[in-house]
Every structure is written in C-alpha cells, then in structure tokens.
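Build the complex from these two chains, which are given one at a time in their own frames, with help from the hints.
Chains as they are written, first to last, in my numbering: chain A, 1 to 436; chain B, 437 to 621.
Keep in mind that the hints were calculated from the coordinates and are not lab data. Be aware that a few hints might be false.
Unchecked claim - If you want the footprint, here are the derived chain B segments under chain A, 3+ residues with CB under 8 angstroms: (1) 468 to 477; (2) 601 to 612.
As the list claims (entries may be wrong) - The calculated DMTMM-like cross-link candidates involving lysine to aspartate or glutamate, where the alpha carbons are at most 25 angstroms apart (straight line), are: (3) B:LYS459 / B:GLU495; (4) B:LYS585 / A:ASP74; (5) A:LYS42 / B:GLU495; (6) A:LYS42 / B:ASP619; (7) A:LYS5 / B:ASP570; (8) A:LYS39 / B:GLU607; (9) B:LYS585 / B:GLU568; (10) B:LYS610 / B:GLU452; (11) B:LYS443 / A:ASP74; (12) B:LYS490 / A:GLU20; (13) B:LYS610 / B:ASP448; (14) B:LYS529 / B:ASP570; (15) B:LYS499 / B:GLU568; (16) B:LYS610 / A:GLU20; (17) B:LYS499 / B:GLU586; (18) B:LYS505 / B:GLU486; (19) B:LYS499 / A:ASP74; (20) B:LYS459 / B:ASP448; (21) B:LYS610 / A:ASP12; (22) A:LYS39 / B:ASP564; (23) A:LYS39 / B:GLU506.
Positions of the beta carbon are idealized from the N, C-alpha and C atoms, including for glycine.
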Amino acid sequence: MSYSKLIHEYLDGGVDSTQEALLFDMLAKDSELRADFNKQMKLHLIAQQDMNHITPPAEATNQLFGRLGFTVPDYLETPPPSIAEKVGGYIKKYGATALLILLTSALSVVMTTNYDSWFGSQSSVAQNSSELNSVPVVSSFETDVQTSSSVETTETASNNLKNTTNQNSFSDNSTNNQANYNNQHNIANRFDSESLQETNPSEDGNSETDNSDLTTSFFDKLAAFFTSQTPVASSGNGEMADKFLNENGNMQKPQIAFNPFSSTIILPTFSDGEETQFEIGFKYLSESSNPDFSHLAVNNQFYDNLIVSGMYHFDSNHALGVELGWERFAQSFVTDYYGQLSELKQYPKRFTAGMMYRFTYTALFGIDFISPYTELFAGGSSLGPISKLNAGIRFSPLNNVSMNLGYEYGILYYSVDNKTYNSEKNGLVYRISYNF
Amino acid sequence: MARPLSKYSDSDLVAELKKSKAKSEAAFSELYARHSQRIYAYCLRVTGDEESAKDIFQEAFFKFYNSAKETEAVGNVIGLIITITRNLCLNYKRDKKITVDIDNYQFSSQDQGYEQKEMLDILARALDMLNEEDREFFVLRLYHGFSHKEIADITGASVAAVKNRIWRAKEKVKDILAPYLEDLN
Numbered sequence: 001m002s003y004s005k006l007i008h009e010y011l012d013g014g015v016d017s018t019q020e021a022l023l024f025d026m027l028a029k030d031s032e033l034r035a036d037f038n039k040q041m042k043l044h045l046i047a048q049q050d051m052n053h054i055t056p057p058a059e060a061t062n063q064l065f066g067r068l069g070f071t072v073p074d075y076l077e078t079p080p081p082s083i084a085e086k087v088g089g090y091i092k093k094y095g096a097t098a099l100l101i102l103l104t105s106a107l108s109v110v111m112t113t114n115y116d117s118w119f120g121s122q123s124s125v126a127q128n129s130s131e132l133n134s135v136p137v138v139s140s141f142e143t144d145v146q147t148s149s150s151v152e153t154t155e156t157a158s159n160n161l162k163n164t165t166n167q168n169s170f171s172d173n174s175t176n177n178q179a180n181y182n183n184q185h186n187i188a189n190r191f192d193s194e195s196l197q198e199t200n201p202s203e204d205g206n207s208e209t210d211n212s213d214l215t216t217s218f219f220d221k222l223a224a225f226f227t228s229q230t231p232v233a234s235s236g237n238g239e240m241a242d243k244f245l246n247e248n249g250n251m252q253k254p255q256i257a258f259n260p261f262s263s264t265i266i267l268p269t270f271s272d273g274e275e276t277q278f279e280i281g282f283k284y285l286s287e288s289s290n291p292d293f294s295h296l297a298v299n300n301q302f303y304d305n306l307i308v309s310g311m312y313h314f315d316s317n318h319a320l321g322v323e324l325g326w327e328r329f330a331q332s333f334v335t336d337y338y339g340q341l342s343e344l345k346q347y348p349k350r351f352t353a354g355m356m357y358r359f360t361y362t363a364l365f366g367i368d369f370i371s372p373y374t375e376l377f378a379g380g381s382s383l384g385p386i387s388k389l390n391a392g393i394r395f396s397p398l399n400n401v402s403m404n405l406g407y408e409y410g411i412l413y414y415s416v417d418n419k420t421y422n423s424e425k426n427g428l429v430y431r432i433s434y435n436f
Numbered sequence: 437m438a439r440p441l442s443k444y445s446d447s448d449l450v451a452e453l454k455k456s457k458a459k460s461e462a463a464f465s466e467l468y469a470r471h472s473q474r475i476y477a478y479c480l481r482v483t484g485d486e487e488s489a490k491d492i493f494q495e496a497f498f499k500f501y502n503s504a505k506e507t508e509a510v511g512n513v514i515g516l517i518i519t520i521t522r523n524l525c526l527n528y529k530r531d532k533k534i535t536v537d538i539d540n541y542q543f544s545s546q547d548q549g550y551e552q553k554e555m556l557d558i559l560a561r562a563l564d565m566l567n568e569e570d571r572e573f574f575v576l577r578l579y580h581g582f583s584h585k586e587i588a589d590i591t592g593a594s595v596a597a598v599k600n601r602i603w604r605a606k607e608k609v610k611d612i613l614a615p616y617l618e619d620l621n
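One chain only, chain B, in its complex shape (with noise of 0.2 angstroms):
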C-alpha cells in the first residue's frame, strides 16, 4: 500500500515530480500545500503590492516545478523556492522604486485603539518603510522563521551580517509601532 503523499518529505516528493503526470501533479500540490502560505506571505511582505506579489507567487511557483524537474535532487526544498522567489522579488525591485514618507505616516496615524486586522495592516505598512534588504531579513525571520544560517545562505550574506540586520529592521519596526505596541493586548 502506498504512503500518503502527506508522509513524503519535501525531498521525495520532488523527485516524485519527474515522474508520471498524475504523479508530478499530485507530489506538486502537495508541494503546493506546504510552502504556498509562506511564499505569498514572503511575496506580499517583501513587494508590499498584492497584484506584484501574486504575480511573483505564481511565477515562483512555476520556475520551481521546472527547474526541480531538472535537477538530480533538492536537499532544502523551501530553500530553492525562497531563492528562487527572493530573485523575482530583486528583479521587481530592481525596476521598482518605492518609498514612503515615514514622517508622514506617523503623523497620520495617532489614533487610539485598533483591531487586530488593523494592526496587521499597520505592521505591513511598516515594513514597507523598511529599505528592501532590512525588510526580507526581517520577513526571513520572524514571518518564516529562518534560522541565522539559513538566511545567510539564501541570501548570500555571513551570519553576523544577517544578525545585525535583523536586530536593526527590528529596531525601526519597533520604533515605527511603539504606540500601537504598547497599547496592544
């Protein structure tokens, strides 16, 4: 009897992908199942701009199916999707400027009391302040839970790098919610 395809690791179900059609297209939903929550999330976060990121998502998605397709075998499968979406979100960037008046925001936003869609609302708003490096490390970590070493690696930077970086997207995030922080419950 055949395991379920939800007992496979990410490594098998890759290799399942160059196999039958009705075999790739069930290891790659399974696929899908897994990581699609956290690549949007990253998509979103990191463009800032729902139509990009959606974009990007399913552009992500299908250079992974193709290249996994190709290649022998992938030991950190979320990794090679994160890399391979942290390249489309680059390239985005790259041909999109974005810049926001935190000035601005701050002074538009001293009202009191909020709901918790709003105050994910306002921390997405926040990061958009952030520089782009600062803000994918700080999604890498507290959205997706990368460890040090992991980012260092999908990002190319050292590890110590990586920390200062994170402490100091940290940092100005904090300082951009303060009000809303300490009110929060």
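For reference, chain A alone in the conformation it holds in the complex (with noise of 0.2 angstroms):
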C-alpha cells in the first residue's frame, strides 16, 4: 500500500495503530508525503464547506409543497429580500459604475455650462509664492492703456519686443527698458514670483484706444513677430535663467489655453479582480503634448508627475479608487495686471486628487496575463477640476504584481478673470503596481 493511500484510509478512519504510527514516523521524515497529506486534509475540508455552502432553492421548496397541497413553515421559507438589502445589492453591484458616471457626469456639466458662474469669479492660476516657485510665468505681452500713443504699429511692437527679449536675454538693467522692468516687477508682485519673464510691446498706448482691439491688433502682431523668433530662455543671471523665458502667443484667442499634462509619473496598481481586492500603485506619464511648455519647468525632477493610487477591486473587471498626485499642467491665459494685458504661460506643478475607475477586460485575449483596460479619472486641484480617460494593455506576469502600458489624455479646467480655459495633456502612462 503506497503512503498515499495509507492517508486517504488514516482519514477515512480505516487505519489501525500500527498503521497510524507508520505512517506518522513517515510524515515526520517525508516533507513530500505532509504535503500530500495537506492536500487530501484540505479536500476533505472543502468538500464540507461545499456541503455547507448548498442550500435548497426556495422556489424548490415552495413547489414540492405546493403540489402536496402543504404550506411552507415558517422555518422553511427565505424571507423576501427587503427594500435595504436590494438597494444595496445594487449598490453593491452597480455602485462604482453609477458612482463614476455621476462624477464624471457631473464635471461634464460643470465644465460645459456653469463653469463661469461656479468658478468664474475667481483666478484659478498660481498666484502664491511656494506655488510660484515651482510655475514660472512664461511669457507676457503687454499694451500701456495709459499712455498716450493711439495704436502700436507692426515695427514698434517688434522692436520693443526685441528690446525686451534682448534685456532679459542679455543684460539686467538697460534704461530704455525701464518700463518693462517696471512692469515685470508689477506682475512679480502680483504673482509674488521671481520666475517672471515679459515682453513688453510699447510704452505708448493710446488711453482713448478701444482696449479689445488694441489687444488684438498688437497681439497679431506680436504672434507674427514671435513665430520667426527662437523663445529667449536665459537672461544675465544665470539662476533666472531657467525662470524667466520669452514665449510668444495669441492673444487674439485668450480662451485657448494650451495645458499639457506633460511627464506625468503615475504609479497605478493593477490586479487580478476576483483574487486580490487591494491594490497600489504608481504611475508616471511621459507627455507628448505641448512641449513648448517643458522648458517652463522650475526644478524639474521625476517625481513631478508621479502619481500614487490605490484601488478596490469589486469583481476582475471593476475597480475604483483614488489616485494622489503631484502633476505639472501647462496654463496660457490672458489677463489684465495693472492696466496692460498679457498674455501669461505657466508650468506650475498641482497636487492633484481624485476618483478612478477601471473597467479590464479580462481574459480578452484568451490569455490571462495580458488583459486590456480602460479608466476614468474625475478629480481636481487648486487649479480647477480634472478629468482623465487612459485606455492600455495589463500585463500580470507575477502573482502580485502588475504592469500597465496605456496612452492618457487629461484635461484641466481654470478661470482667470472669469474667462474659463482648459488645458489638455496626453501621452504614454507607465505603471507598476502590487495587489494584495
């Protein structure tokens, strides 16, 4: 008799004493023979728990009495689910996907009609100086409404603009650049930055000129003159020149902004549903869009875009969770500081928060450790609200661990005087996580 079957008739309680002691000597010597002698112990245990787990149907039940013509006891019947217990089965079931939709429902709406009356009233750009620190104010264009001068011509604004590309560029304090220090130093004040850098296109505004159309004529030409010049990014100080950069724009389309979501490092999670629960993870993007805008950042470092989140898993295809990040975005906008319009770009890097939910698609492929995916971000930060869509491939080539390559668009929604712009950034998300 193998040693094997000796443990199927010690469970079965067929053995006698001798028997028993034999085979217990051999347990002791034999780390193969306890293995086997787990298994067998665990099928019997789980057969049991099967036995347990089965239970007569009610409808069963209430038909084999039926045709008796008995009435069901009371101990008998399974009471009706109540409104509670449905209600959150529902919820329970369908929770994270109505929860989902909702948000991103309700940012949708936010977004495409109240927006301006919601967050209109109030600048949501950085404007504090820890902010600042890390968000240079890329470029502006100003016109003095104060001055006298009616309209600035093609040839003046160009050569004020070179006068001021050159001062920042090249040296610190030429005097026939005064008024744009003056006002540099107006719009620092204002943003309490030190990362500021302007061009300013005349001294001689026209205070009786109509503001709109100055704006417009001067700022056409102004993005003529600047598509045929390199963006100065440097000035005499050496530590300024990272923050103060010359960038032309269009300032006959303040409300498009361009805000890419540049690098952005996410470490997400992924897990296989049914069997994990938990998962945590980050994320890094790597932007493809707007790069005109990467040079704007002030110490730029990895950890700027990386994003950390942890998730729930209710079944293998749905999860959702937070995601926590620390995210650069890219803002354009066009404001009025002290009288003169500008057109300011930024880069300033957000704490971002929100919910996510993911959808995998498992066992697409036929394969079981590549499944496709899709999520949804909603989210915010002191900027103004978020939302993502990352759609890609998971790869779980480990038990816990999991891989994630997928392509993600965002898109940031922010006032500034009570004009709403957005700013998009899209590119390939990298992400690493761990179940459990």
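Encoded structure:
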C-alpha cells in the first residue's frame, strides 16, 4: 500500500494503531508526504464547506410543498430581501459604475455649462510664492493703456519686443527697458513670482483706444513677430535663466490655452480582480503634448508627475479607487495686470486628487496575464477640475505584480478673470502596481 | 404534553406521515428540514446542473413522501431518500451525457489566488470531470459522510469496491485541484 493511500485510509478512519504509527513516522521524515497529507486534508475540508454552502432554492421548496398541498412552515421560508437589502445589492453590484458616471456627468456639466458662473469669479492660476517657486511665468505681452500713443505699429511692437527680449536675455538694467522692468516688477508682485518673464511691446498706448481692438491688433503683430523668433530662455542671471522665458502667444484667442499634462509619473496598480481586493501602484505619464512648455518647469524632477493610486476591486472587471498626484499643467491665459493686457504662460506643479474607475477586459485575448483596460478619472487640483481617460494593456507576469502600458488624455479646466481655459495633456502612461 | 417534532427520530416522523393531514404535514416539514440540504447537495453535485438538480430534488421528496406513506416502517430514512434520489439522478444521466475536457479546464485555470467561493466552484467543476460513478461515491463519502457500508447498501456495490472507488475519485480530484490545494490556507 502506498503512503498516499495510507493517508486516505487514515482520513477515512480505516487504519489501525500500527499503521497510524507508521504513517506518522513517515510524515515526520518526508516533506512530500506531508504535502500530500495536507492536500488530502484540505480536500475533505472544502468538500464539507461546499456541502454547508449548498442550500435548496426557496423556489423548489415552495413548489414541492405546493405540489403536496402543504404550507411551507415559517422556519423553512426564506424571507424575501428587504428594500434595504435590494438597494444594498444594487449598490454593491452597480455602485462603482454609477458613481463614476455621476461624477463624470457632474464634472461635464460644470465644465460645459455652469463653469463660469460657478468658478469664474476667481482666478485659478498659481498666485502665491510657494506655488510659483515651481511655476514660472513663461511670457506676457502688454499694452500700456494709460499712455498716449494711439495704435501700436508692427514695427514699434517688434522693436520693443526685441529690446525686451534682449534685455531679459543678455542684460539686467538697460535704461531703455525701464518700462518693461516696471511691468515685470508689477506682475511679479501680483504673482509673487521671481520667475517671471515678459515682453513689453509698447509703452505708448493710447488710453482712448478701445482696449480689445488694440489688444487684438497688437497681439496679432506680436504673434507674427514671435513666430520668427526663438524663445529666449536665459538672462544675465543664471539663476533666472530657468525662470524668465520669452514666449509668444495668440492674443486673439485668449480662451484657448494650452495645458499639457507633460510627464506624469503615475504608479498605479493592477490586480487580478477576483483574487485580490486591493492594489496600490504608481504611474508615470510621459507627455507628448505641448513640448513648448517643458522648458518652463523649474527644478523639474522625476517625481513632478508621479501619481499614486489605491484601488478596491469589486470583481475581476470593476475597480474603484483614489488617485493622488503631483502633476504639472501648462497654462496659457490672458489677463489684465494693472491696466496692461498680458498673455502669460506657466507650467505649475500641483497636487491632484480624485476618484478613478477602471474596467478590465479579462481574458479578452484568451491569455490570463494580458488584459486590456480603460480608466476614467474625475478630480481636481487647486487650479480647477480635472478629468482623464486612459486605456491600454495590463501585464500580470507575477502573482501580485502588474504593469500597465497605456495612453492617457487629460484635461484641466481653470478660470482667469471670469474666463474659462482648458489645458490638455496626453502621452504614454507607465504603471506598476502591487495587488494584495 | 406532546413531544416537539425535533425530538422525533426519522422513523417516528415517517410513521407520522400516515396520520392526519396536519400531522403528516408537520412531520414532512421536519424531515424536509433535516435532510433537504444534503439531498439537494447530492443532486447538484452529481448532476452538475442547477435546474436539473432542482427538478430531481423536488421529485425525490415527492416520491419519498408517497413511498413512505405506503411503507410499513422505514429504518434508514436518509438511505431511502438517497436511494430514490440516486435512481432519479441515474435516469437523468442516462438521458444526458455530459463530457468535460480536462485538458482545457486545466489550461484555463492557471490563475493564482482565489476566494473560498471560487474554490468551491472549482471543486464542483472538478467533480464534473469525474465519471458518474466515481463522482457519486465521492459525494456520498466526502459530502454526506456515509460509511463505506452505507454507501455499499445505497449503491449495491461491495464495500471493497466502494473503498477503491472513493480512493480513485479522491486522487483524481486531488490532481485536478493540486495547484489550488497547495495555495489554500
């Protein structure tokens, strides 16, 4: 008789004391035999668990008793689920999806209809010193509406801009750029920023001239000028070189701002739905949009766009969780600084938070360790609400470790002077996660 | 003062089935409460199909009731119910042959980590892969806890044959579930 069969007979209650002693002696010596013993023991246990888990359906009980002409006694009746239990069941089954749809819908409504009235009364741009340490203002274009000149000419504007650019790039105290300096100083005061660079196209604006017309024509000229200029990203002060940068923009379209979500590093997670309930992970976004903003990041570091996520898996398909990040957003907007319309560009780093929902298409390819996924994020930062969509492939080469490769599109909405701007960013997303 | 039905033996309750409708109904309800779960588990695990299990389960108790009313005395009530149920299951299986490709099953079950409920589902699927006789012996022994002698009485097989079949069934199920059993705490 094999020892495996001896184990079977022992668990079946069919061995005498001699065989029992022999079996335990062998178990003490043989690890493989102990493993076999454990398996057989577990088999007995799960069979009993299965037995206890099975209950006859109430429908069958009712039909049988009805067929016999009996009334089902109270102790056999399964009470119908209460309303609370039904609601709880629906919440458990569809709650995550419903919540995500609700959040996304609410966010969409806010963004598309009521954003100005809800958020438009205040500027949601970086405005304090701590923020601006990492939020350089890229550029600004100004017109001095208090001065007497009527309309800025292209030549004048270009010359002034060149002067300003040169000033910022190669010298610190040129007297013929005093106005530019003053303007820069004003903006710096307002934004409490040492990392501000601007160009002053004119110091001779006409106060009687319509502001918008002046702005439009002037900025058209500026745009034309800057399209032929390489943005200056340095100054006489080496430390300022990273912070004071000249940029051009299209002032006729102030409502359009570029906000790339450049490199976002997220460490999100992934897990195999049914088996693991929680996951924690990290994600990184390698931004491919708005490359012209990347040089605006001060002290740009790897963790500038690092995102951490924690998720709960409802099943193998649905997961809901939170995502916390430290991300950069490109902002380009027009604002009036002490009577001077300016376009500013900046690349602030902000703490972001929000809820994330993921749907995983399990075994779509018939391979367990590769699954497509889609993620939706709804949240915000101090700048405004953020939504993201991310889709890709998840690899699960190890039991508890997953890696995602996907493409993410995100958009930030923010308000400046009662105008709503958006900032988009997209790129490849890399993620590693631990499931438990 | 009358004894509560919970104090009655199965045989006493069967005797009550022959009395008034009220007493018969009460006795049947008590017998049903005692054995319905085991009978349904047998039906479900032997047939592997919920709808069929439900039909056979109802029919088994219906036949048992009618049979018990006509019988003088029943010594082994659960044995009688199981025998009736078994015959119904044999009829069902005779009409419907189910085959499962073990290789395919094993290929698609490589994931690691699982919850208890999933483990039980996997056990049920593993039982589906056994031949009908092995599956029945496995269920009668490991699920219902019948002795080899009782199983021999129910099935008409010898005790030695019962032992061998149970051993064989257990080995097959153990092999199928090996990766899961190793990880199961």
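Check whether the Cα positions of A:LYS42 and B:GLU495 lie no farther apart than 25 angstroms.
33 angstroms, violated
Hinted pair B:LYS610 and B:GLU452, Cα distance within 25 angstroms:
The given pair, whose Cα atoms are some 44 angstroms apart, is violated under the 25 angstroms limit.
Hint consistency between B:LYS585 and A:ASP74 [alpha-carbon to alpha-carbon, up to 25 angstroms]
Violated. B:LYS585 to A:ASP74 sits at ~37 angstroms, over the 25 angstroms cutoff.
Hinted pair B:LYS459 and B:GLU495, Cα distance within 25 angstroms:
Distance of about 22 angstroms is within 25 angstroms: holds.
Given pair status - B:ASP448, B:LYS459, alpha carbons within 25 angstroms
12 angstroms, holds
B:LYS585 paired with B:GLU568 [C-alpha distance capped at 25 angstroms]
Given that 25 angstroms is the threshold and the Cα spacing comes to 20 angstroms, the pair holds.
Assess, step by step, whether the Cα of B:LYS610 is no farther than 25 angstroms from the Cα of A:ASP12, and give holds or violated.
15 angstroms, holds
Quick one, are A:LYS5 and B:ASP570 close enough, alpha carbons at most 25 angstroms?
Holds. A:LYS5 to B:ASP570 sits at ~16 angstroms (cutoff 25 angstroms).
Decide if the proposed pair is consistent with the structure: B:LYS505 and B:GLU486, CA atoms, cutoff 25 angstroms inclusive.
Measuring from Cα to Cα gives roughly 29 angstroms; hence the hint is violated.
Taking 25 angstroms as the top limit, are the C-alpha atoms of A:LYS39 and B:GLU506 close enough?
Roughly 46 angstroms separates the two Cα atoms, so the pair is violated.
Verify the proposed pairing of B:LYS610 with A:GLU20, using a straight-line Cα cut of 25 angstroms.
Roughly 22 angstroms between the alpha carbons, so the hint for B:LYS610 and A:GLU20 holds.
Hey, A:LYS39 versus B:GLU607, does the alpha-carbon distance stay inside 25 angstroms?
Holds: A:LYS39 and B:GLU607 sit about 10 angstroms apart, inside 25 angstroms.
This entry does not satisfy hints 4, 5, 10, 12, 13, 18, 23, going by the numbered hints stated previously.
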